[in-house]
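Engineer: Sequence:
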Amino acid sequence: MLISYAQDAGNFSHDRETLAREHLAHELKSFDSVAGSGRARLSFANVPLAGASAFAAEAADVTLRLWAMLKPLLRVNKSLALYELVEKRLIPVLTAMELHGVMVDRADLRAMSAEFEGRMAEIETDIHRLAGQDFNVGSPKQLGEILFERMGLPGGKRGKAGAWGTDSSVLEGLAEQGIEVAQRVMDWRQLAKLKSTYADALIGQADENGRVHTSFQMAVAATGRLSSTDPNLQNIPVRTVEGARIRKTFIAAPGCSLISADYSQIELRLLAHVADIAALKESFAKGEDIHARTASEVFGVPMAGMDAATRRRAKAINFGIIYGISAFGLGRQLGIGAGEAKAYIDAYFKRYPEIRAYMEATKEEARSKGYVLTPFGRRCWVPRIKDKMPQLRAYAERQAINAPLQGGAADIIKQAMVKLPKAMADAGLSATLILQVHDELLFEAPDGQARATAELAREVMQGAAGISVPLTVETGIGKNWGDAH
DNA sequence: ACTATCACG
DNA sequence: ACGTACGTGATAGTA
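For any residue, its number in the working numbering is found by taking its place in the first sequence, counting from 1, and adding 643.
The set of hints was computed from the structure by calculation and includes no laboratory data.
A hint or two may mislead.
[Said to hold, decoys possible] Dumping the calculated DSS-like pairs for lysine-lysine here, alpha-carbon to alpha-carbon at most 25 angstroms: (1) K929 <-> K958; (2) K1006 <-> K731; (3) K1006 <-> K985; (4) K800 <-> K784; (5) K985 <-> K1012.
[Said to hold, decoys possible] Ranges between beta-carbon positions, derived for each pair: (6) A806 <-> G982: 38 to 46 angstroms; (7) P797 <-> E727: 33 to 41 angstroms; (8) A986 <-> R749: 50 to 58 angstroms; (9) K714 <-> A750: 28 to 36 angstroms; (10) R749 <-> E1117: 39 to 47 angstroms; (11) H771 <-> P797: 17 to 25 angstroms; (12) D919 <-> L707: 36 to 44 angstroms; (13) G943 <-> D919: 23 to 31 angstroms.
Since the structure is predicted, the reported quantities are computational estimates derived from the model, not experimental observations.
No residue lacks a Cβ here, since even glycine has one placed at the ideal position from N, Cα and C.
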């Protein structure tokens, strides 16, 4: 995000300019490492400045020098159009989002922090009693020694450094055997995570108006996704009851609503498009429940009266396909053996035969060129595709298969983001884009414009890019982010 | 500075 | 024989 700061630096307050300087330093460091590796990324623009501060002039100078170096590379790489039409136009959109920020309910966060602290203290007492001694529950090393040495529990596995593994899958396994302390540690960890990473951090990062301002990085993810830092607002909790409470502390300004609009199964739609999978395309064209249809195809059960467990297995297979499936990974996800998982995968390939050709062609593309392309021409580098170690090579192959899908989805939502400000203005709407979370956009708008904003967002997002499968967008309106779903 | 863990799509 | 599902970032503990 160097450029956005360079572009607007003349209007910045002192604090904001200091922040911008830090960003500049950060970007230059990234540039050095990228340049050193002989690879170019799309992260710089030629933004002329007028009447700007000394910092802006400095940033502009750096920018112009970088641009002189990078533009020829973009041209040679056939990436200039993507850069000019998408990346460059996205810069002011992200700038506006960062500056606008999103409001949090600080009183609510403070109350939650205190509540979590109290509950953690109680849980800690329980854990110490069950363990038979006091120790630092937050220390994985001490916890592993307590569980697998002092208490002698089964199922312990040591990692590379000889430390016992104590992550959630391990604790879950113990909890299922009725080991009470394991469940209590999971409870404690959840609260610790929510308190430190979210409640306390957000309180500290809110400005005087109670708004938090993230920084969106355009040149970090290998697939072309954005990333979000300081604070990361792309990983705000939502999946658990307590996590959803954190998400509800993200609120609309007085008199405003939050509008959420998210693409439905966008990566699976990209798969249908890119791999040209007839049955999958047909299914999306009909607007079917895609996981139910997969279940029907793979397990041979009728769509009508599909049971939840079968659909769940099919959903895991669909995710697996997007991730560059392995029998091991699918088996672990479903809690079945790799052999059974392999049978599922074989059945999938039989019903959707085009997928095999896509996977083979994509791996070959990566091997021959060192990168793969999204449908919009973005390059995703796959450096270890020819590694002599089979394990690293297999990892690179999964990356190659996933990148056009994840990256293609990123291309599409970026195109929507570029079109939205003008579309909103033309419609007489004052809605502001405030967050992007990979397949979701979050807007803030006056209450009276919420419905119109949702409808326009849907229209622009669904029409952002023409692929051979329809895109669908779900919208919601609420006074907080949780209720906007 | 590195590792383990866990939050999200 | 091996052992990872793809992409990220923040925190606390450890060395």
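Engineer: Please flag the earlier hints that this structure goes against, numbers listed from lowest up.
Structural biologist: Violated hints (numbers, rising): 2, 5, 6, 7, 9, 10; every other hint is consistent with the structure.
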